[in-house]
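Given chain V, work out where chains P, Y and B with the ligands should sit, using these hints.
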Amino acid sequence: MGMELNSETIGNALLVTVCEPRIDAAVAIQFKDRMREVSDGGPDRVILDMSAVSFLDSSGLGAVVAVMKFLGKERSFELAGLTPTVAKVFRLTRMDSIFTIHPDLETAIAPLANAS
Amino acid sequence: MGMELNSETIGNALLVTVCEPRIDAAVAIQFKDRMREVSDGGPDRVILDMSAVSFLDSSGLGAVVAVMKFLGKERSFELAGLTPTVAKVFRLTRMDSIFTIHPDLETAIAPLANAS
Amino acid sequence: MTDDLRLVFPGTTVAVRTALLKMVGNLQQLDLDAEKIGSIELVVAEALNNIVEHAFAEQNGRIDLRLTNGERGLYCAIEDDGSPMPDGRPPIGNPPDLSVDLQDLPEGGFGWFLIREITRDLGYERVENHNRLTFRIPVGDDFTRS
Amino acid sequence: MTDDLRLVFPGTTVAVRTALLKMVGNLQQLDLDAEKIGSIELVVAEALNNIVEHAFAEQNGRIDLRLTNGERGLYCAIEDDGSPMPDGRPPIGNPPDLSVDLQDLPEGGFGWFLIREITRDLGYERVENHNRLTFRIPVGDDFTRS
Ligand SMILES: Nc1ncnc2c1ncn2[C@@H]1O[C@H](COP(=O)(O)OP(=O)(O)O)[C@@H](O)[C@H]1O
Ligand SMILES: Nc1ncnc2c1ncn2[C@@H]1O[C@H](COP(=O)(O)OP(=O)(O)O)[C@@H](O)[C@H]1O
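Line by line, the protein sequences are chains V, P, Y and B. Using the working numbering, you'd call the opening residue of the first sequence number 1 and step up by one each time. Using the working numbering, you'd call the opening residue of the second sequence number 1 and step up by one each time. Using the working numbering, you'd call the opening residue of the third sequence number 1 and step up by one each time. Using the working numbering, you'd call the opening residue of the fourth sequence number 1 and step up by one each time.
So here's chain V without its partners, still in its complex pose:
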């Protein structure tokens, strides 16, 4: 099963867009691996655009947490574009208090566009 991610550098941030409708148990490990690949050696700020993701289960949530952990304290990992079902998983598990979550992609990248 594939896990297509698209990444581009905007200003001093790496914008990673998930191009799959699901981050579930079947692709959670692949998601982690691909995130490691695309973020390796890149900018300190990483924004994950999840607006194409309509379904995330607890394995997917665990994978997103794992990404934040391997990026470490020196790099900033931010989320944008959570769809309602995905937002609910973050809210129910209180993980919304751990992550920086932007209401939409525009808000997340606006400061970058000005800066660059």
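Just so you know, these hints were derived from the structure itself, not from any lab. Accuracy of the hints is not assured; some may be wrong.
To be verified - Pulled a few chain B residues facing chain V out of the computed Cβ check, cut under 10 Å: (1) Pro10; (2) Thr12; (3) Val14; (4) Ala15; (5) Ala19; (6) Leu20; (7) Leu21; (8) Lys22; (9) Val24; (10) Asn26; (11) Gln28; (12) Gln29; (13) Asn69; (14) Arg72.
Unchecked claim - Restricting the straight-line Cα-Cα distance to at most 20 Å, the calculated cross-link-like pairs of lysine to aspartate or glutamate (EDC-like) are: (15) Lys69/P x Glu106/P; (16) Lys32/P x Asp44/P; (17) Lys32/V x Asp44/V; (18) Lys32/P x Glu8/P; (19) Lys32/V x Glu53/Y; (20) Lys73/V x Glu107/Y; (21) Lys69/P x Asp104/B; (22) Lys73/V x Asp104/V; (23) Lys69/V x Glu106/V; (24) Lys69/P x Asp40/P; (25) Lys69/V x Asp101/Y; (26) Lys32/P x Glu74/P; (27) Lys69/P x Glu107/B; (28) Lys73/V x Asp104/Y; (29) Lys32/V x Glu78/V; (30) Lys32/V x Glu4/V; (31) Lys32/V x Glu8/V; (32) Lys32/P x Glu107/B; (33) Lys73/P x Asp104/B; (34) Lys73/V x Asp40/V; (35) Lys32/P x Glu79/B; (36) Lys73/P x Glu107/B; (37) Lys69/V x Glu107/Y; (38) Lys32/V x Glu107/Y; (39) Lys69/V x Asp104/Y; (40) Lys73/P x Glu37/P.
A virtual CB, placed ideally from N, CA and C, is assigned to each residue, including glycine.
Positioned in the frame of chain V, the structure of chains P, Y and B with the ligands alone reads:
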């Protein structure tokens, strides 16, 4: 991008289940290739269970037609479990008149279960 | 979905995904909004993933999923022929402890917490060599707010 | 989706898929049933796939997709900076000819037929070096029956 298919032989038919929500332009070629792999040298009757597929575009439809063509006249290619949106694409293009379409998987495989 | 759905499939990750996609296709034919369908998919996914990961950790087997649309919500019954729950009952599902250092944040253990948050009337039985999990997902009230 | 959605993305197959997934996520917040959302996704997919395949066959570029929810349906405007339509207008979209031998069945050429079946008020303009395609998808009537 991946195209996960599951195949099993039931009686004298090969049942292929699509395990992806979409057969679209991004995976149409992969779908054709995977269908060729799983059906190669297998039973003469091939049933494609599409009940997990919520979206099929005209590239996906073209790929399904291509599968019927490479299976040829000697082998029977049948569809089952079309979701409403997928069924509409077949109906609008009149392709529903070309394919054997079973209302659901049970109807498609019931004669096999009795036979085996 | 008329008012009943039954799916029987092997206890593998890919088969679970396929079953969930089929279930959602059926649910879309009922009068439910997208967010409610998302909650149903989430809780059934958690239950099924746990079966694959734990009940079938050391053996293969089948899962039998039934959904029935009733007056007080959607009734779900899941049977598997895997190993029984530890201590003979489903986990308490405590909320994850988030007051820890970054490197100690949990990457798992959310499953049963989510199931217990979203479902009502949860039941578990070991019948012969089967596990039988039943629950109701209320439809209509705003159970989705935490 | 409030009542407007705008997405700008490169003219590639993967970017089109991502844009469609984002669009559907937004449409699910409007009061539309799953089958209507499926029709909208289909027709927008056909328009976008054609742009990637034909207008951007020999060059790279960007696509600008706008959806506006109006009284008579969903209004869609798609711009791209690719090559113009052949003959300066969108294809007629004849129904595929199916009265042929198995090996001659068409595997393509359904795109514009589907767009014309499902949309209303189709317009195409070449403005400077841009293509601008506009149409309305009626919401409310049973346009989906063929
Ligand atoms: N279906 C099951 N069969 C057997 N054991 C289970 C099952 N579901 C959960 N468990 C046990 O309960 C624990 C907690 O489950 P859960 O909250 O879903 O977290 P995890 O993400 O670790 O699966 C698991 O680690 C496992 O030991
Ligand atoms: N956006 C476009 N830009 C340029 N040419 C196009 C575009 N869309 C369609 N065409 C032309 O019209 C023909 C018919 O289109 P269509 O019905 O979608 O079939 P196909 O499946 O071949 O794309 C194409 O083969 C192409 O030559």
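Hints and how they fare:
The restraint placing Pro10/B at the interface with chain V holds, with a minimum CB-CB distance near 9 Å, inside the 10 Å limit. A least Cβ separation of about 9 Å between Thr12/B and chain V falls short of the 10 Å threshold, and the interface hint therefore holds. The beta carbon of Val14/B is positioned within 10 Å of a beta carbon in chain V (closest approach about 5 Å), and the interface hint is therefore held. Interface restraint check: Ala15/B against chain V, minimum CB-CB distance 7 Å, threshold 10 Å, status holds.
Interface hint status for Ala19/B: upheld, as the beta-carbon distance to the closest one in chain V is roughly 8 Å, under 10 Å. Annotation: Leu20/B was flagged as interfacial toward chain V, and the flag holds, the nearest CB pair being 8 Å apart, inside 10 Å. The closest approach between the C-beta of Leu21/B and any C-beta of chain V is roughly 4 Å, which is under the 10 Å cut-off, so the hint is satisfied. A hinted interface residue such as Lys22/B counts as satisfied when its beta carbon comes closer than 10 Å to some beta carbon of chain V; here the least separation is about 5 Å, so the hint holds.
A cut of 10 Å between beta carbons decides the hint on Val24/B: the least distance to chain V is about 7 Å, and the hint holds. Look at Asn26/B: its Cβ gets to within about 8 Å of chain V, closer than 10 Å, so that hint holds up. The restraint placing Gln28/B at the interface with chain V holds, with a minimum CB-CB distance near 8 Å, inside the 10 Å limit. The interface hint given for Gln29/B holds, since its Cβ lies 7 Å from the closest Cβ of chain V, which is under the 10 Å cut-off.
Using the Cβ-Cβ criterion of 10 Å, the hint placing Asn69/B at the interface with chain V is not satisfied: the shortest such distance is roughly 18 Å. Checking Arg72/B against chain V: minimum C-beta separation of about 27 Å lies over 10 Å; hint violated. Using a Cα cut-off of 20 Å, the hinted pair Lys69/P and Glu106/P is violated, with the two alpha carbons roughly 25 Å apart. Simply put, Lys32/P and Asp44/P have alpha-carbon atoms about 18 Å apart, close enough for the 20 Å limit, and the pair holds.
Distance check on the hinted pair: Lys32/V and Asp44/V sit about 18 Å apart at the alpha-carbon level, within 20 Å; holds. Taken as a hint, the Lys32/P and Glu8/P pair is honoured in the structure, with Cα atoms around 18 Å apart against an allowance of 20 Å. About 19 Å separates the Cα atoms of Lys32/V and Glu53/Y, which keeps this hinted pair within 20 Å; it holds. The suggested pairing of Lys73/V with Glu107/Y holds, with an alpha-carbon distance near 17 Å, which does not exceed 20 Å.
Our distance criterion of 20 Å between C-alpha atoms is met by Lys69/P and Asp104/B, whose separation comes to about 9 Å. About 24 Å separates the Cα atoms of Lys73/V and Asp104/V, which puts this hinted pair outside 20 Å; it is violated. As the CA atoms of Lys69/V and Glu106/V are separated by approximately 25 Å, the hinted pair breaks the 20 Å bound. Taking the CA atoms of Lys69/P and Asp40/P, the gap is near 13 Å; set against the 20 Å cutoff, the hint holds.
With a C-alpha separation of about 10 Å, the suggested pair Lys69/V and Asp101/Y falls inside the 20 Å cut-off, and the hint holds. Our distance criterion of 20 Å between C-alpha atoms is met by Lys32/P and Glu74/P, whose separation comes to about 19 Å. A threshold of 20 Å between alpha carbons decides the hint, and for Lys69/P with Glu107/B the separation of about 10 Å falls inside it, so the pair holds. For the hint linking Lys73/V to Asp104/Y, the alpha-carbon distance of about 13 Å falls within 20 Å, and the restraint holds.
For a cut-off of 20 Å, the pair hint linking Lys32/V to Glu78/V stands: about 15 Å separates their Cα positions. Pair hint Lys32/V plus Glu4/V holds up; C-alpha atoms about 12 Å apart against a cutoff of 20 Å. The suggested pairing of Lys32/V with Glu8/V holds, with an alpha-carbon distance near 18 Å, which does not exceed 20 Å. Taken as a hint, the Lys32/P and Glu107/B pair is honoured in the structure, with Cα atoms around 12 Å apart against an allowance of 20 Å.
Among the hinted pairs, Lys73/P with Asp104/B is consistent with the structure: their alpha-carbon atoms are about 13 Å apart, no more than 20 Å. Between the alpha carbons of Lys73/V and Asp40/V the distance comes to roughly 15 Å, so the proposed pair stays at or under 20 Å and holds. For the proposed pair Lys32/P and Glu79/B, the alpha carbon gap of about 31 Å is over 20 Å, so the pair is violated. Taken as a hint, the Lys73/P and Glu107/B pair is honoured in the structure, with Cα atoms around 17 Å apart against an allowance of 20 Å.
With a CA separation close to 10 Å, the supplied pair Lys69/V and Glu107/Y stays within the 20 Å bound. Between Lys32/V and Glu107/Y the alpha-carbon distance is near 12 Å, which keeps this suggested pair within the 20 Å criterion. Using a Cα cut-off of 20 Å, the hinted pair Lys69/V and Asp104/Y holds, with the two alpha carbons roughly 9 Å apart. Proposed proximity of Lys73/P and Glu37/P is supported: the alpha carbons are some 18 Å apart, at most 20 Å.
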